[in-house]
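**Q** In my numbering, the protein residues as written are 1287 to 1601.
Please keep in mind that the hints were generated in silico from the structure rather than gathered at the bench. Every value quoted in this text rests on a predicted model; they were computed, and no experiment measured them. One or more hints might be untrue.
[Claimed, not checked] With a Cα cut of at most 30 Å, we get these calculated DSSO-like pairs of lysine-lysine:
| no. | residue 1 | residue 2 |
| --- | --- | --- |
| 1 | 1428 | 1352 |
| 2 | 1510 | 1402 |
| 3 | 1402 | 1481 |
[What the hints assert, rightly or not] Derived CB-CB ranges, DEER-like:
| no. | residue 1 | residue 2 | range |
| --- | --- | --- | --- |
| 4 | 1363 | 1450 | 42 to 52 Å |
| 5 | 1567 | 1493 | 41 to 51 Å |
| 6 | 1470 | 1546 | 34 to 44 Å |
| 7 | 1423 | 1563 | 18 to 28 Å |
| 8 | 1510 | 1347 | 15 to 25 Å |
| 9 | 1503 | 1564 | 37 to 47 Å |
| 10 | 1509 | 1368 | 56 to 66 Å |
| 11 | 1428 | 1538 | 26 to 36 Å |
| 12 | 1497 | 1376 | 55 to 65 Å |
| 13 | 1455 | 1404 | 49 to 59 Å |
| 14 | 1509 | 1422 | 37 to 47 Å |
Glycine is no exception: its CB is placed at the ideal position from the N, C-alpha and C atoms.
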Amino acid sequence: MSAGLAALLDDVAMLARLAAASVDDVGAAAGRAGAKAAGVVVDDAAVTPRYVHGLAAERELPIIKKIAVGSVRNKLLVIVPAALVMSQFVPWLLTPILMLGGTYLCFEGAEKIWEKVSGHDKHASQAQGGEPPVKDEDSIVKGAVRTDFILSAEIMVIALNEVTSEPLLSRAVILIIVAIGITVLVYGVVGLIVKMDDIGLALAQRDSGSAQRVGRALVKGMPKFMTVLTVIGTVAMLWVGGHILLVGVDELGWHALYDVVHHAEEAVHDATGALGGVLAWLTNTVASAALGLIVGAVVVAVMHVLPTRKKASSH
């Protein structure tokens, strides 16, 4: 009886060790996958604040919360299941779908530039009486969640590519961990960014002279920072969208464009010494953004410019 109990306890201990090792493996894999997606996380954090730019201060966090909830819903209910199914049964379909999303990002970024250049910026236009138009919060949330869907899809596909050798269940657990962790990180940072002016106001009202100086600097500087971040967000959409397309065409067998950019990266890296890594990355980034702008401009022309001209000529 005691021997049987001892054997049972040994089996339980062995299972516990195996479970602990499995948890460690999943945690390590999730960490690797999340780190690989870090670049897109930066883009996501840069893109999102532009959606709440110009809103009343008391509505900023509620809107960000709605976008974050939509982002989690995107990831857990649509992107992760779809990515797992496709990776298991039709892995060749992931790249074309991701490229469609990249094209949409290019369109969104180019559209913002076209609206500024053409004077059709719906967010910057003034209503009658000189007052800025009231923003429709539902439209803001839908637009942000739609853009987040594309960025989230790239994040999850990048993460998935790091764990393709794992069993299906482990892949699912890892992607869920990455999805929740990245969403908390991105929207935590976004919430902090958009409330920095309120933090500055609170610091400016303290008794400490140094706190007041920091507070006044934050209050004065945050509107400019938000404007700059809005521009960065637009550029980020072109960069990420262009990079998706650049990598996608290479994976589909059309290597020429990717090879040109890759050779340019290598040439810059070899010619610039200690700064080679940074400048090589910048070369790829500029090339991706340029490709994104070209593709986005073509889509903008098809969606906006050509129909407008056709309409004008018919009158």
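**Q** Please go over all the hints and tell whether each is borne out by the structure.
**A** Hint-by-hint comparison with the structure:
no., hint, result
1, 1428 / 1352, "holds (10 Å)"
2, 1510 / 1402, "holds (18 Å)"
3, 1402 / 1481, "holds (26 Å)"
4, 1363 / 1450: 42 to 52 Å, "violated (22 Å)"
5, 1567 / 1493: 41 to 51 Å, "holds (46 Å)"
6, 1470 / 1546: 34 to 44 Å, "holds (39 Å)"
7, 1423 / 1563: 18 to 28 Å, "violated (43 Å)"
8, 1510 / 1347: 15 to 25 Å, "holds (21 Å)"
9, 1503 / 1564: 37 to 47 Å, "violated (29 Å)"
10, 1509 / 1368: 56 to 66 Å, "violated (40 Å)"
11, 1428 / 1538: 26 to 36 Å, "holds (31 Å)"
12, 1497 / 1376: 55 to 65 Å, "holds (58 Å)"
13, 1455 / 1404: 49 to 59 Å, "holds (51 Å)"
14, 1509 / 1422: 37 to 47 Å, "violated (22 Å)"
Hint check: violations occur at hints 4, 7, 9, 10, 14; the rest are consistent with the structure.
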